[in-house]
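Q: Please construct the entire structure, taking both the sequences and the accompanying hints into account.
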Amino acid sequence: LGLTAFTLLFGTNPSGFGPRLWLGAGGSYFQPSEPLKLILIVYLAAYFSDKLPYRLRTIHILFPTMVLGGMAILLLIAQRDLGTASIFLALYTIIAYLATNRKSIVLISVLGMIFVGIAGYYFVGIVQVRIETWLYPWSDPQGGSYQVVQSLIAMANGGVEGRGPGLGSPGLIPVAISDFAYATIAEETGLFGTLGLLALFGILLTRGLRIALRAPDLFKRLLAGGISAYFGIQAILIV
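Heads up, the sequence shown is in our numbering, so the first residue is 53 and it goes up one at a time.
Honestly, I wouldn't trust all of these hints.
No more than 20 Å apart at the CA atoms, straight line, and that leaves these computed lysine to aspartate or glutamate pairs for EDC-like [as the list claims (entries may be wrong)]:
(1) Lys272 - Asp102
(2) Lys89 - Asp133
(3) Lys103 - Asp269
(4) Lys89 - Asp231
Calculated directly from the structure, the hints in this document are not laboratory data.
A: Next up, the structure:
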């Protein structure tokens, strides 16, 4: 959390523009929010496995984790790292549900995300731009929607069978090596390749949940479930 907070003062962006989410110098960069995702999963799994045997009321179990998780989410919102903030909230909700089996946690989190999304759309400029870019990409193809439009064109070029390995034009898609990797794969391998990729993620998620169900203790069960959820949420967000 401290390293993530440092990015508000000393953060940089290797590309030279956009949110300053990295720390680094001399050509080496480090994004603290990435390991923070995994650390959050380990912390929640350890905390819940330690407190649940005492049969405390749900609010007493959740309150400390809500404070710490809320601090992390607020930091990420201040960073303008909205994608990671969404992943944090989803991970917290899933692990809390796995630990307590309270459906109300999922309902409250979903309603909270909807409320925050609506409020962000009307009061936070970057949220409004992201949502409008997603819904109406062709309204500004050379400006704010450029990345989305280029990825849609790449996927259309890929068609059903794809252009072939190395025959696409990933260089035309900004940030093709991370945020828009799915569009690059779709151009070169087509619908067949992307369906295969999604199937592999489905197998990975299923195997992870089976490992969680067979885990010998509560900590390992929550840890395996949380890591599996992380893979699934990250994949859905990128796609």
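Q: Does the structure break any of the earlier hints, and which numbers would those be?
A: none
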